Every structure is written in structure tokens, then in C-alpha cells.
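K.L.:
Here is what each chain is made of, one letter per residue.
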Amino acid sequence: MQQALLDYTLYLSDNSLILGQRNAAWCGHGPVLEQDIAITNITLDLIGQSRILYQYAAQLKGGDATEDSLAFLRSEREYKNCLLVERPNGDWAQTILRQFLFSCFQRELYTQLTKEKDSTLAAIATKALREVSYHYRWSREWVLRLGDGTAESHTRLASALENLWPYTGELFKGADYELALGLDPAMLYTNWLSAVQSTLKEATLSLASFASCFMQTGGKTGIHTEELGFILTDLQYMQRTYPGCDW
Amino acid sequence: MDSHNLEEQFQHKIDQEIKIEPKDWMPDAYRKTNIRQISQHAHSEVVGMLPEGNWVSRAPSLKRKVILIAKIQDEGGHGLYLYAAAETLGQSREQMINDLHSGKAKYSSIFNYPALTWADMGAIGWLVDGAAIMNQVMLTRTSYGPYARAMVRICKEESFHQRQGFESLLVLSKGSEGQRVLCQDAINRWWWPALMMFGPRDHESTNSDMSMKWRIKRKTNDELRQQFVDMIAEQIKVLGMTLPDPALRWNAIRNHYDFGEINWNEFWQVVKGNGPCNKERLEARKKAWGQGAWVREAAQAYANKKNTRTKAA
Amino acid sequence: MQRLIKKLYYGDIPDAGGGTAPSNDQQPTTDWPLWEVFIRSKQGLDHKHVGSLHASDAQMAIENARDVYTRRQEGVSIWVVESKRLTASNPAEAGELFEPAADKVYRHPTFYNLPDQVNYI
Ligand SMILES: [Fe+2]
Ligand SMILES: [Fe+2]
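Residue numbers (this note's numbering), protein chains in the order written: chain E, 1 to 247; chain S, 1 to 313; chain G, 1 to 121.
Okay, chain E solo, but in the shape it has when bound (with noise of 0.2 Å):
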């Protein structure tokens, strides 16, 4: 029960560090200055979650383990996070739409954590969920003028959905830490897709064409895609250039 309640821990901070080390990566990049400023507070709060969450893993992990030695340390296998969050940042529609249909998920996931049974996490999903709701609220607003603005963006768009969509299957199928604590995702599944399907339809896609879409599986289990080894080469250089070192 332990183990299960350290690896779901680590699920959850895994989720926003790694996104957040992906959209860290428009911090000076930006479409425009304001959205630069907006999308790196989105960072800042992912960044920050995933913190607490660390130090509570580190807490239940117990020995020398700290926030670093969990976030920078380990290997790639042992890595939790879900697929969707590692995919390429590509273009500013595969960053919004990748944005929003985390955040719609995390935004169900959070809702559902203020109720858990561990005081810990439920303080955490409870701070953790006003930022969400401002994420999922900033990157819907996106999504629509994306998906209802120009030709152009409406077709990138849409192919972000189709790069993304893959990976949002992951999302609902239960790991073992999540069974065994009781916190079986699939219970969130159609509140998101509702969100999402009234806001894609909003936006002026649609869904359609995904209905039998063959969905990635694996990073819950640490089974990634290529891309999680070069998050981690640039995540973790310092810490094993110089090992033991106080930052």
C-alpha cells in the first residue's frame, strides 16, 4: 500500500515536471511577449507541483531521498509520467492542444484527489487545482481561437489533435498504484471528454475520425516514447556531471 501510494506520488510529479520542463522551453520563445509571460507561469506552477509532490515522495520514501534526488536520479524506466506530456513541444497549436487536454484531465484527476483519504495529497490536489483551472481555462481560450481563427491555424490544429489524440487513451487506463489505492481513472473519463468534445466542437473540429484511434500506452509503467531519454539528458547533466553537490 506504501509502494503504491509512493509510485502514484511520483506518477503525479512526474506528470507536471516533465510537462513543465517542456514548456519551459518557449520561456523567451513566445508568439507574442504577453503569452511568453503566460505560458511560463503555466511552467512555474507545473514546476511547482511538482515539487511538493517530490517532497512528499522523498517523505514517504523515507532514507536520503530528497525533491532532487527523485526528480534528477533516477533512470528512465522509473520514470511514471504519461506519454502525452513528453511529446515534442512542436508548433504553439501542438503546445496549446497538448496544454489543454492535460489540464481538462488534471483538472478531473485534482477534483477527485481533494476528496482522498490521504490528508497529503488532498491538501496538495487542493492548492494544485485553482492553478489547473486557470491553465485549463487559459489553453481552452486558445484552443478556440486556434481551431476558429484562421485557415491556417485551424489546420495546425488540427493536426496537433492527430498527433495527440493517441496518447490521451493512457490517460484512463488504471495502472496498479492506481488500482490498489482505489483512484480508478477511468471515473474521470467522461467529464473529460465532455469538456473536450464540447470544446473542440466549440472550436470547429471534431472528433469523428478518432472513434477507433489505437491508443499509446506504457508511460505509466515506464515504458516511454524516445523522446522522455533527451528530456532527461538536459534534465539531469548537472546532477550527474557534478554528483553530491549542493546547488
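Keep in mind the hints are simulated off the structure, nothing from the lab.
Just so you know, these numbers come straight off a predicted model, no measurement behind them.
A few of these clues could be false.
[As the list claims (entries may be wrong)] Under 10 Å between C-beta atoms, here's a sample of chain S residues computed to sit facing chain E: (1) 47; (2) 48; (3) 59; (4) 79; (5) 288; (6) 295; (7) 303.
[Claimed, not checked] Residues on chain G that point at chain E, a partial pick, calculated with CB under 8 Å: (8) 59; (9) 67; (10) 68.
[Stated by the list, open to error] The calculated lysine-lysine pairs, modelled on BS3-like cross-linking and capped at a C-alpha distance of 25 Å, are: (11) E/117 - E/173; (12) S/219 - S/19; (13) S/272 - S/286; (14) E/201 - S/311; (15) G/84 - S/23; (16) G/48 - S/156; (17) S/219 - S/106; (18) G/48 - S/23; (19) S/156 - S/63; (20) E/61 - S/63; (21) E/201 - S/306; (22) S/306 - G/84; (23) G/84 - S/32; (24) S/19 - G/84; (25) S/32 - S/106; (26) E/61 - E/127; (27) G/84 - S/311; (28) S/63 - E/127; (29) G/48 - S/19; (30) S/286 - S/106; (31) S/156 - G/42.
Just so it is clear, CB atoms sit at the ideal spot from N, CA and C, and this is done for glycine as well.
Starting from the structure of chain E, add chains S and G with the ligands where the hints point.
P.N.:
Just chains S and G with the ligands now, with coordinates in the frame of chain E:
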């Protein structure tokens, strides 16, 4: 009122320390000087995001990562406040950005130096932000109101930049042998470029005279540079590191530190575009702006559609 | 008296010599519209002008204002208004607008001397 009279009144206001506001009469050259200076200041903030941005993905701890991201994001905000201040003088942001991309407008040369190791993040915060702050504190009293107000806001935010830089170096200086080497090396590489940030020697500075008369600038380049050297020469003792200048020593008669001659040839070469990263920096800005074009258009198109729909309804 | 400020001509007083706007500001820009941002720093205080920013619509302007101007908990409420919709007084008329108030000292409480016994008025 003839323009001679207006000009006299204008200078009178300046001499009385009364701020000039956007709709007030001002000499054409005052407007142009301000547009040039404010927009170049804005460009510096935005281009300045790039060297540090390179290290976000590789920051050594989560704490340092969020500090660095927040710091870089602040610089974006500074760019934004400054563009807005320049816009009150009649220049559109797009025009300013085009001038940057075409090479017509300059930005601070310091950002044409590469950020090679993690310790550079500390050295940039301490030395580069430190040098910028000297300038910016002076500019909170500049004569053009919107510029002065932007600087007040910026200075409030800047105070954490230099502190986090110094503190990050302090940790390195107390760390392993490898960390101390990183620390000294970064100081060695950033010291002279930081001194160059104050611009040419006073007698070679072309814009100084009018800028001083109009109180756009309030201290000369050399005055600010000396102030900076005096400050850093003391602070480095806390780090237990050295500054790469054999001529640096306290001068009890002047009550200032003496320091060696800046390599002015290097300074002018970097200004002219021959610094180590001039091309990369400009390319990165152009790329971000160019690839953002469809995004900006889409948002505008969507807003227009929504407007038409509300009107029709 | 009513005069719309167009930010692009801000500062330009066309009827006198000098002070002309830069020549290139006539070009149309694809910038998103400019918005002025007002922030209430805490409950009970007035909104105060803090600066401006670009946004494609009002909703985005509010969100950008939140991201740009309240990163350090500077606000609890935000107003935005498109810059071109702001009307400002003309500095050339400052004399007639504001100087008449200067000699009306009797509007200020300190104009009245009261005996010490009458506290707290
Ligand atoms: Fe700055
Ligand atoms: Fe700074």
C-alpha cells in the same frame, strides 16, 4: 506660441524636475532620443532572455530551475513595460521589433556573449543585472514620465535578480573544488563585458550631452562604471574569488578603486555585430517572431469574428 | 474638449512647431490592440493605472494583465480598457481646467481654525 517659446518652457520644466508626459509638447529630438533609448532598452531585456534561457532545461536543482525561470520571465515583463512606455511616444511595438530584426535598433552587447556553464547564471545575475541596476536606478528619475514609472516597477523586480545571482555563486564558492572552478571561470569571463555595459568613455559617447541636458540620463557612463567597480570589488571578497584585473586596487586619494583599461577594440567589434553570439541571438528573436505570426493573426481573426457575431446578435 | 487619445499620436501636438510624430508611425500595424490596465492592489482601495499591454480581446487582456502585472500578488481586481477608448484632457488646457481650483482654499479642512476643545472634527 512659437516653437522657440515652447522649447524654453520645456527646458524650464526639465530644470524644475517636472516630468514630461506623453501629450506634453516636446522637441522632436527629445522624442526621438527617448524612443531610441527606451526601445533599445526593451530589446535588451528581451534578447537578454536568451542566454539564460539556454540553461533552464539544465538547471541543477528544481529550486534553481524555478528561480531561473521566474527571473527570465521578469525580463520579458521588463521588455513589455518598456515597449509600452515607448509606444506612448508614437512608435508601434511592431515597428520597434522590425527595427531590431533589421539591425537598425541595437540592444545591449552583453547578451552577445555565450552562457557556457551553470555558473554563468550566477555571474550574469550578479554582474550583468548588477550593472544594469546601476543604470536603471538612475533612470527611475529620468525626465520622461512613462519611462521613469516603468523603471520604478522594473527596479522593484530587479532587486531579486542580482541577489539570486550572488547567492548562487556563494553556494558554488563554498562547494566542491569543481564548483569553485566553475565560479571563478564564470567571473573571469563576465567581468570585462559587464564593465563594457556602461558604454564608451565619456569623451567618446555621442549621445551623452543632450541626454544629460534633458535629464534622460543623469550620470555619465564613467561615473556609473566607477560606482559599479567600487561595489563589486568589495562584494567579491565575500565570495573569496578574484576579479581578472591585475590593475585593480584601492586608491585612497580618489576614494575609489583604480582598474585596468577595457579592451575597446573588442567593445566596438561586438557592437558592430562581431561578438560571439550576435547572429544566434538575432536569429532566435526573428525565428520566434516569424513563427508566431500565424498565432497572432489567428487570435486577431478570432476576435474579429466574435465581434461581428456579437454585433449581429 | 472630447478628444480620443490614439496611442499612436500620443504626445503629438500638431498645431505647434516641433513635436511631430515619427514619420514611420503612419504605417498600419498588425499589433494586437493596446489596452490600459488598472489594478486594485487590495480590497478597499481604488484601481490604479499600472501600465499597458497588447491583447486580441478583452478576455485575453484581463488574463495578460494577470500574468504580466500581478505576478507578485500585486492585485485582487483588474480593469482593462482599450487605449483608443480613453479620453484624456489636453495639457494645453491645463490652465483653464485646473488653475481655478487653486485659490479655493476654503474647500480644505485646514482652512478652519477651531478651538482645541473641539477635537476630532
Ligand atoms: Fe530586467
Ligand atoms: Fe534583471
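K.L.:
Next step is simple, just say for each hint if it's right about the structure.
P.N.:
Verification of the supplied hints:
| no. | hint | verdict |
| --- | --- | --- |
| 1 | 47 | 9 Å, holds |
| 2 | 48 | 9 Å, holds |
| 3 | 59 | 7 Å, holds |
| 4 | 79 | 6 Å, holds |
| 5 | 288 | 4 Å, holds |
| 6 | 295 | 4 Å, holds |
| 7 | 303 | 8 Å, holds |
| 8 | 59 | 7 Å, holds |
| 9 | 67 | 4 Å, holds |
| 10 | 68 | 6 Å, holds |
| 11 | E/117 - E/173 | 22 Å, holds |
| 12 | S/219 - S/19 | 18 Å, holds |
| 13 | S/272 - S/286 | 18 Å, holds |
| 14 | E/201 - S/311 | 22 Å, holds |
| 15 | G/84 - S/23 | 14 Å, holds |
| 16 | G/48 - S/156 | 17 Å, holds |
| 17 | S/219 - S/106 | 21 Å, holds |
| 18 | G/48 - S/23 | 20 Å, holds |
| 19 | S/156 - S/63 | 22 Å, holds |
| 20 | E/61 - S/63 | 20 Å, holds |
| 21 | E/201 - S/306 | 16 Å, holds |
| 22 | S/306 - G/84 | 19 Å, holds |
| 23 | G/84 - S/32 | 23 Å, holds |
| 24 | S/19 - G/84 | 23 Å, holds |
| 25 | S/32 - S/106 | 15 Å, holds |
| 26 | E/61 - E/127 | 23 Å, holds |
| 27 | G/84 - S/311 | 19 Å, holds |
| 28 | S/63 - E/127 | 19 Å, holds |
| 29 | G/48 - S/19 | 19 Å, holds |
| 30 | S/286 - S/106 | 14 Å, holds |
| 31 | S/156 - G/42 | 19 Å, holds |
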